[in-house]
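Participant: Working from the sequences, and respecting the hints, build out all of it.
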Amino acid sequence: MAEVIGYHVKEIDFHTLWWYTDIAVAVLTDEHNRERSGGVFHLRTAAGTELYNKLFRDVLEEKEEKYHRIAAEKTARLAQHTGHILSWESRNEALEQYQGGVRAPNGLIGSFSGFTAEEDEVIVLWAFNKMGWMSDEEVLEAVSISSNTRYRDLFPLFNKVAKTAD
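In numbering that gives the first Met the number 0, the protein residues as written are 0 to 165.
Simulated from the structure, these hints should not be mistaken for laboratory data.
Beta carbons: idealized from backbone N, C-alpha and C, even for Gly.
Just so you know, not all the hints are guaranteed correct.
Okay, derived cross-link-like pairs now, DSS-like style, lysine-lysine, Cα gap no bigger than 25 Å in a straight line [to be verified]: (1) Lys65 <-> Lys53; (2) Lys129 <-> Lys159; (3) Lys53 <-> Lys159; (4) Lys65 <-> Lys162.
Label-pair distances were calculated between CB atoms; the ranges are [what the hints assert, rightly or not]: (5) Glu10 <-> Thr115: 14 to 24 Å; (6) Ala46 <-> Thr163: 33 to 43 Å; (7) Gly82 <-> Glu60: 30 to 40 Å.
Facilitator: If you want it as structure tokens, here you go:
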């Protein structure tokens, strides 16, 4: 059983992770007037063990493999760059290495691929925050690294929708 700093993988509530991610994806789908309507969430341990690779909402068939590949690449790259919190820190768009991956203090690394790079990053930051894997202060530290301006707009919107969905 893979261990993630102090607890076992079986203790991860994947259903709740799915619920928070789905809320964020639904909000962004509406914001993009359905031009972008889903993506892939990828989760692994810092040691590289894949834990979760989930397609969310409606993704064009021709984009599905690309989103899986890019989401997995973000988490693998973060696993290699042990001092980085965000995939933003090692991004190289010419090599299809994008923003959107996040390392939590508990050793989990998550990424999303399907929306803009900043939005992908915010989806993971918000899900990690709601799961209790990143504090508000840790989220603020992360967005200060990437200068992610979408955070200010999207966190309150995601929280509002989550409250009404409860």
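Participant: It remains to establish, for every hint, whether it holds in the given structure.
Facilitator: Going through the hints against the structure:
{"no.": "1", "hint": "Lys65 <-> Lys53", "result": "holds, 13 Å"}
{"no.": "2", "hint": "Lys129 <-> Lys159", "result": "holds, 13 Å"}
{"no.": "3", "hint": "Lys53 <-> Lys159", "result": "holds, 24 Å"}
{"no.": "4", "hint": "Lys65 <-> Lys162", "result": "violated, 33 Å"}
{"no.": "5", "hint": "Glu10 <-> Thr115: 14 to 24 Å", "result": "violated, 33 Å"}
{"no.": "6", "hint": "Ala46 <-> Thr163: 33 to 43 Å", "result": "holds, 38 Å"}
{"no.": "7", "hint": "Gly82 <-> Glu60: 30 to 40 Å", "result": "holds, 38 Å"}
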